[in-house]
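Visitor: Sequence:
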Amino acid sequence: MPAEDVNYILEPGRLSPSLVGSEPWQFLVLQNADLRQKLKPYCWGIPTMETSSHIVAVLAKKNARCDSDYFADIMVRRGLEGEAKDKAMAIYKKFQEEDIAILESERSLYDWAGKQTCIALAGMMAGTAVIGVDSFPIEGFSYKEVNQISADEGLFDPAEWEVSVMATFGYRAKEIRLKPRKPVEETVQRPNGLCAQTLCKNKTVRP
Numbered sequence: 000m001p002a003e004d005v006n007y008i009l010e011p012g013r014l015s016p017s018l019v020g021s022e023p024w025q026f027l028v029l030q031n032a033d034l035r036q037k038l039k040p041y042c043w044g045i046p047t048m049e050t051s052s053h054i055v056a057v058l059a060k061k062n063a064r065c066d067s068d069y070f071a072d073i074m075v076r077r078g079l080e081g082e083a084k085d086k087a088m089a090i091y092k093k094f095q096e097e098d099i100a101i102l103e104s105e106r107s108l109y110d111w112a113g114k115q116t117c118i119a120l121a122g123m124m125a126g127t128a129v130i131g132v133d134s135f136p137i138e139g140f141s142y143k144e145v146n147q148i149s150a151d152e153g154l155f156d157p158a159e160w161e162v163s164v165m166a167t168f169g170y171r172a173k174e175i176r177l178k179p180r181k182p183v184e185e186t187v188q189r190p191n192g193l194c195a196q197t198l199c200k201n202k203t204v205r206p
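The numbering of the sequence shown is numbering that gives the first Met the number 0, which starts it at 0 and goes up by one.
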């Protein structure tokens, strides 16, 4: 893929929403053939680990606590100070302590950050469709080995970051069959309005 297409794909990820603008992610663009070969056996042998144009590994921030330097830097970057900063910090603190209760362990904090990275990945995958590039999300991989190999290559500080999810990007070599999916009436529920089946019949929602 040309550089402009790669940048186009990365931009929706960079601009993705996150709680209080926390952006607990980084994106690694992987093209090194030797590194791909090392990672492939631990990614269920997925062919596109070798054949795709680009691989993007999305890193999740570890230990992204409300009282961490990482979050303090976010406040500075957003230009928040005084009352505005205190309000944002209070929202984040309440969310972590009460609403989702994730401060009891580093794993809980990491799992939350990992959920945020999926929002960024979805943005990038949607962006690819606009310019005719295919994408393949990868969450099925051996986390221990993939992170160890990547850290050994000096790609990130394992004390601060960890690979959460990946995706391969490129142009298809052949047509692909449509994936089977549950019908909309089994997926969409509207308890206070028309049911999905009625909406489909009225062509309000495509099946």
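It should be emphasised that the hints constitute simulated quantities derived from the structure, not laboratory data.
Just so it is clear, CB atoms sit at the ideal spot from N, CA and C, and this is done for glycine as well.
Be careful, since some hints might not be right.
[Claimed, not checked] Label pairs and their computed distance ranges (CB to CB): (1) A2 / E96: 39 to 45 Å; (2) N191 / A150: 27 to 33 Å; (3) G44 / E96: 22 to 28 Å; (4) P190 / E3: 25 to 31 Å; (5) K114 / P1: 16 to 22 Å; (6) Y142 / P179: 24 to 30 Å; (7) A172 / L34: 18 to 24 Å; (8) D85 / P182: 27 to 33 Å; (9) G131 / E96: 26 to 32 Å; (10) T186 / F26: 25 to 31 Å; (11) K178 / I130: 19 to 25 Å.
[Unchecked claim] With a straight-line Cα cutoff of 25 Å, these simulated DSS-like cross-link-like pairs (lysine-lysine) come out: (12) K39 / K92; (13) K61 / K114; (14) K143 / K173; (15) K143 / K39; (16) K93 / K143; (17) K37 / K143; (18) K114 / K93; (19) K61 / K173; (20) K178 / K114; (21) K84 / K37; (22) K143 / K92; (23) K173 / K39; (24) K173 / K114; (25) K39 / K178; (26) K143 / K181; (27) K61 / K84; (28) K178 / K143.
Visitor: Provide an ascending list of the numbers of those earlier hints which the structure does not satisfy.
Guide: Numbers 2, 3, 4, 5, 8, 9, 12, 14, 16, 19, 21, 22, 24, 26, 28 - these are the hints that the structure violates, sorted from lowest upward.
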